[in-house]
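Turn these sequences into a full structure, and let the hints guide you.
Number of protein chains: 2
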Amino acid sequence: MSVLVVGSIALDTVKTPVEEHSNLLGGSASYAAAAASFFSPVKLVGVVGNDFPDSEFEFWKSRKIDSEGVQRVNGKTFRWSGEYSWDLNMRETRSIALNVFENFQPKLPGSYRKTDFVLLANIAPTLQSHVLDQMEQPRFVVADTMDLWIETTRADLDALLPRVDLLILNDSEAREMTKETSLIKAGRRIRKSGPRYVAIKKGEHGALLFGDDEFFSCGAYPLEDIHDPTGAGDTFAGGIAGYLAGTVKTVHFTDLRKAMIYGSVLASFAVEAFSLERLRKLSTDEIKERYETFKLMSQFEVTA
Amino acid sequence: MSVLVVGSIALDTVKTPVEEHSNLLGGSASYAAAAASFFSPVKLVGVVGNDFPDSEFEFWKSRKIDSEGVQRVNGKTFRWSGEYSWDLNMRETRSIALNVFENFQPKLPGSYRKTDFVLLANIAPTLQSHVLDQMEQPRFVVADTMDLWIETTRADLDALLPRVDLLILNDSEAREMTKETSLIKAGRRIRKSGPRYVAIKKGEHGALLFGDDEFFSCGAYPLEDIHDPTGAGDTFAGGIAGYLAGTVKTVHFTDLRKAMIYGSVLASFAVEAFSLERLRKLSTDEIKERYETFKLMSQFEVTA
Chain A
1 MSVLVVGSIA
11 LDTVKTPVEE
21 HSNLLGGSAS
31 YAAAAASFFS
41 PVKLVGVVGN
51 DFPDSEFEFW
61 KSRKIDSEGV
71 QRVNGKTFRW
81 SGEYSWDLNM
91 RETRSIALNV
101 FENFQPKLPG
111 SYRKTDFVLL
121 ANIAPTLQSH
131 VLDQMEQPRF
141 VVADTMDLWI
151 ETTRADLDAL
161 LPRVDLLILN
171 DSEAREMTKE
181 TSLIKAGRRI
191 RKSGPRYVAI
201 KKGEHGALLF
211 GDDEFFSCGA
221 YPLEDIHDPT
231 GAGDTFAGGI
241 AGYLAGTVKT
251 VHFTDLRKAM
261 IYGSVLASFA
271 VEAFSLERLR
281 KLSTDEIKER
291 YETFKLMSQF
301 EVTA
Chain B
1001 MSVLVVGSIA
1011 LDTVKTPVEE
1021 HSNLLGGSAS
1031 YAAAAASFFS
1041 PVKLVGVVGN
1051 DFPDSEFEFW
1061 KSRKIDSEGV
1071 QRVNGKTFRW
1081 SGEYSWDLNM
1091 RETRSIALNV
1101 FENFQPKLPG
1111 SYRKTDFVLL
1121 ANIAPTLQSH
1131 VLDQMEQPRF
1141 VVADTMDLWI
1151 ETTRADLDAL
1161 LPRVDLLILN
1171 DSEAREMTKE
1181 TSLIKAGRRI
1191 RKSGPRYVAI
1201 KKGEHGALLF
1211 GDDEFFSCGA
1221 YPLEDIHDPT
1231 GAGDTFAGGI
1241 AGYLAGTVKT
1251 VHFTDLRKAM
1261 IYGSVLASFA
1271 VEAFSLERLR
1281 KLSTDEIKER
1291 YETFKLMSQF
1301 EVTA
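For the protein sequence lines, the chains are A and B, in the order given. Heads up, the first sequence is in the working numbering, so the first residue is 1 and it goes up one at a time. Heads up, the second sequence is in the working numbering, so the first residue is 1001 and it goes up one at a time.
Any given hint could be a false lead.
From chain A, some residues computed to sit far from chain B (all C-beta separations above 12 angstroms) [to be verified]:
#1 21
#2 22
#3 23
#4 24
#5 62
#6 110
#7 113
#8 161
#9 202
#10 205
#11 206
#12 258
#13 284
#14 295
Covered by chain B, per the in silico footprint, the following chain A stretches (three or more residues, Cβ under 8 angstroms) [said to hold, decoys possible]:
#15 218-224
#16 263-277
Among chain B residues calculated to face chain A with C-beta under 10 angstroms, some are [unchecked claim]:
#17 1181
#18 1188
#19 1191
#20 1206
#21 1215
#22 1222
#23 1254
#24 1257
#25 1261
#26 1274
#27 1277
#28 1281
Bear in mind the hints are in silico, worked out from the structure with no lab data behind them. Remember, it's a predicted structure, so these values are computed and weren't measured experimentally. Beta carbons are placed, not taken as given, at the ideal position from N, Cα and C, and that holds for glycine.
Structure below.
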């Protein structure tokens, strides 16, 4: 089955202590769609300006990412520029220009409305809700969010949550949202506000998954060097949603366990190069190999 | 087989935002020996003063912990007093009185010298080396350490490392020791300074294990409430060393994986109450049950 992915599409300038690159494909939907496309066909929703390179539409085509839902409008594409600290653990936004994204209203093509799996990648919760409003009973809705929406549009986010099957957020966001120090308490508490499942990303420490009386914990792939952390979370969400859409009809906790690993695998590749460069040349064999490494690094009994 | 455990034996005063308790059994060897005793006979080495309660000797006896190597000398037992921050993530030492511990020179009874497994729980590296000097080729040496020794007696620690099979330390200590931000780089680098295996404890984020081209990552047991974090690391080390001594003759990476889980299980119980209170009434059935929970929370394929 396909997965509909909606989110931001941007042109990024990224500076790390080692390198700086401009006009890179970025945005939550770009990373998420590319990651999902390794597992299932993708229907992409977003907006770009007339400065957006045609080559990226070609890239989407090559990866079976349907771009009918990407509006190209007069003006400039959303631009973001950020700089990372020496250890890549801190990020500062140097500049942000919403441009055509400012008045973005996602409008789904008719062929998109019956998509079974949906990934609401990181954008304002009102836009995420607006996409769901246009859909005919999706089977499974994954939503990502960020601190900005927790701080500035909390009511909109709260209204979205009961419509979400799996909410993905990071550790500091989970703590901020619940005012709980314990991530275990935070994860369980967020479930009570609506989402059937909650995934908490912990960067180098892996991720946690909370379900009804069910719990899963996985580590992160042991990377020595990270080149650009941008989009790691979006890629993780994309890998999860894509794996589910491409593999199962009805999602069970067991499926989500594997999906978390595939999300982690994809994210571990994404950070090995700037922008989507590593994902562009990634092969399914490489994904399989790293998935096997996850098995080896997690198991402590030869028989399960 | 037995495991020799050497470390500090203390009477602690612990204050959390909720409770305060005084004259509690504490010290690295106390926690480690109790944890190890669930898996194998223990030979304990340490020093106490004449204020130390006889009842603790009775406790050791009841847990098959041989206390022949515990010297009782004139003076007061080592005393430590600490206070935890509201979220229990920060600890401040309020007072410390070495007392009889100041002139402690571990001296092994003859019956201890041939012990196959050794746990050098957290004490000064010179004392840890001094214990090894008195032993006849132990099969497997586990050593724990702390920031204090990395900062103040680094040369002594470096001299000990090549004699250690498994070094256990926490994330900030691993970073401090290597000046590496990446725990993956840190773990691999510490191995080059001597220990065949390195375990990095990450508290609520679980632990990592590094071997020769081998890597293992495990999460922490999902506890909602922690009552007293004191001794969690010592208990983790004790569980590991005890499990190995009680289960295997020659230690392979596969054994260390399971040992890490048992160490985590024991530590998860230890923090549920002050001092050793939870370990005192712990049953092997409870350990088995929590071990099964670790399997459930870690596996993502029904067949391994």
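A quick look at each hint next to the structure:
Listed as outside the interface, residue 21(A) is consistent with that label: its C-beta sits roughly 22 angstroms from the nearest C-beta of chain B, beyond the 12 angstroms cut-off. The non-interface label for residue 22(A) is consistent with chain B: the shortest C-beta to C-beta separation is roughly 26 angstroms, beyond 12 angstroms. Listed as outside the interface, residue 23(A) is consistent with that label: its C-beta sits roughly 29 angstroms from the nearest C-beta of chain B, beyond the 12 angstroms cut-off. At roughly 24 angstroms from the closest C-beta of chain B, the C-beta of residue 24(A) stays outside 12 angstroms, upholding its exclusion from the interface.
Remark: the non-interface label on residue 62(A) is consistent with the geometry, its nearest Cβ contact in chain B lying 30 angstroms away (cut-off 12 angstroms). No Cβ of chain B approaches the Cβ of residue 110(A) within 12 angstroms, the least distance being about 37 angstroms, so the stated non-interface status holds. The Cβ of residue 113(A) sits about 33 angstroms from the closest Cβ of chain B, beyond the 12 angstroms cut-off, so the non-interface label holds. Residue 161(A), annotated as away from the interface, keeps every beta carbon of chain B farther than 12 angstroms; the closest lies near 21 angstroms.
Here residue 202(A) does not stay apart from chain B, with its beta-carbon only about 6 angstroms from theirs, under the 12 angstroms limit. Separation of residue 205(A) from chain B is inadequate, the least Cβ-Cβ distance of about 4 angstroms not exceeding the 12 angstroms criterion. The Cβ of residue 206(A) sits about 7 angstroms from the closest Cβ of chain B, inside the 12 angstroms cut-off, so the non-interface label is violated. A beta-carbon of chain B comes within 12 angstroms of the beta-carbon of residue 258(A); the shortest separation is about 5 angstroms.
With a minimum CB-CB distance of about 18 angstroms to chain B, residue 284(A) clears the 12 angstroms threshold, and the non-interface call stands. Here residue 295(A) does not stay apart from chain B, with its beta-carbon only about 7 angstroms from theirs, under the 12 angstroms limit. Residues of the segment 218-224 of chain A with a Cβ under 8 angstroms from some Cβ of chain B number 6, which satisfies the need for three, so the listed coverage holds. Counting residues of the segment 263-277 of chain A whose beta carbon lies closer than 8 angstroms to any beta carbon of chain B gives 0, which falls below the threshold of three, so the coverage claim is violated.
A cut of 10 angstroms between beta carbons decides the hint on residue 1181(B): the least distance to chain A is about 4 angstroms, and the hint holds. Given the 10 angstroms rule on beta carbons, the hint for residue 1188(B) holds: about 8 angstroms separates it from the nearest Cβ of chain A. Contact between residue 1191(B) and chain A, as hinted, is not supported at the beta carbon level, the nearest pair being about 13 angstroms apart and thus beyond 10 angstroms. Nearest Cβ of chain A to the Cβ of residue 1206(B): about 7 angstroms, under the 10 angstroms cut. The hint holds.
Interface restraint check for residue 1215(B): the shortest CB-CB distance to chain A comes to about 5 angstroms, inside 10 angstroms, so the restraint holds. Restraint check, residue 1222(B) versus chain A: the minimum CB separation of about 5 angstroms is within 10 angstroms; hint holds. Interface restraint check for residue 1254(B): the shortest CB-CB distance to chain A comes to about 7 angstroms, inside 10 angstroms, so the restraint holds. This hint holds: residue 1257(B) has a C-beta 4 angstroms from the nearest C-beta of chain A, less than the 10 angstroms allowed.
Checking residue 1261(B) against chain A by beta carbon gives a least distance of about 5 angstroms; that is within 10 angstroms, so the hint holds. About 19 angstroms separates the beta-carbon of residue 1274(B) from the nearest beta-carbon of chain A, more than 10 angstroms, and the hint is not met. Taking 10 angstroms as the C-beta cut-off, the interface hint given for residue 1277(B) is violated, the closest approach to chain A being about 21 angstroms. This hint is violated: residue 1281(B) has a C-beta 23 angstroms from the nearest C-beta of chain A, more than the 10 angstroms allowed.
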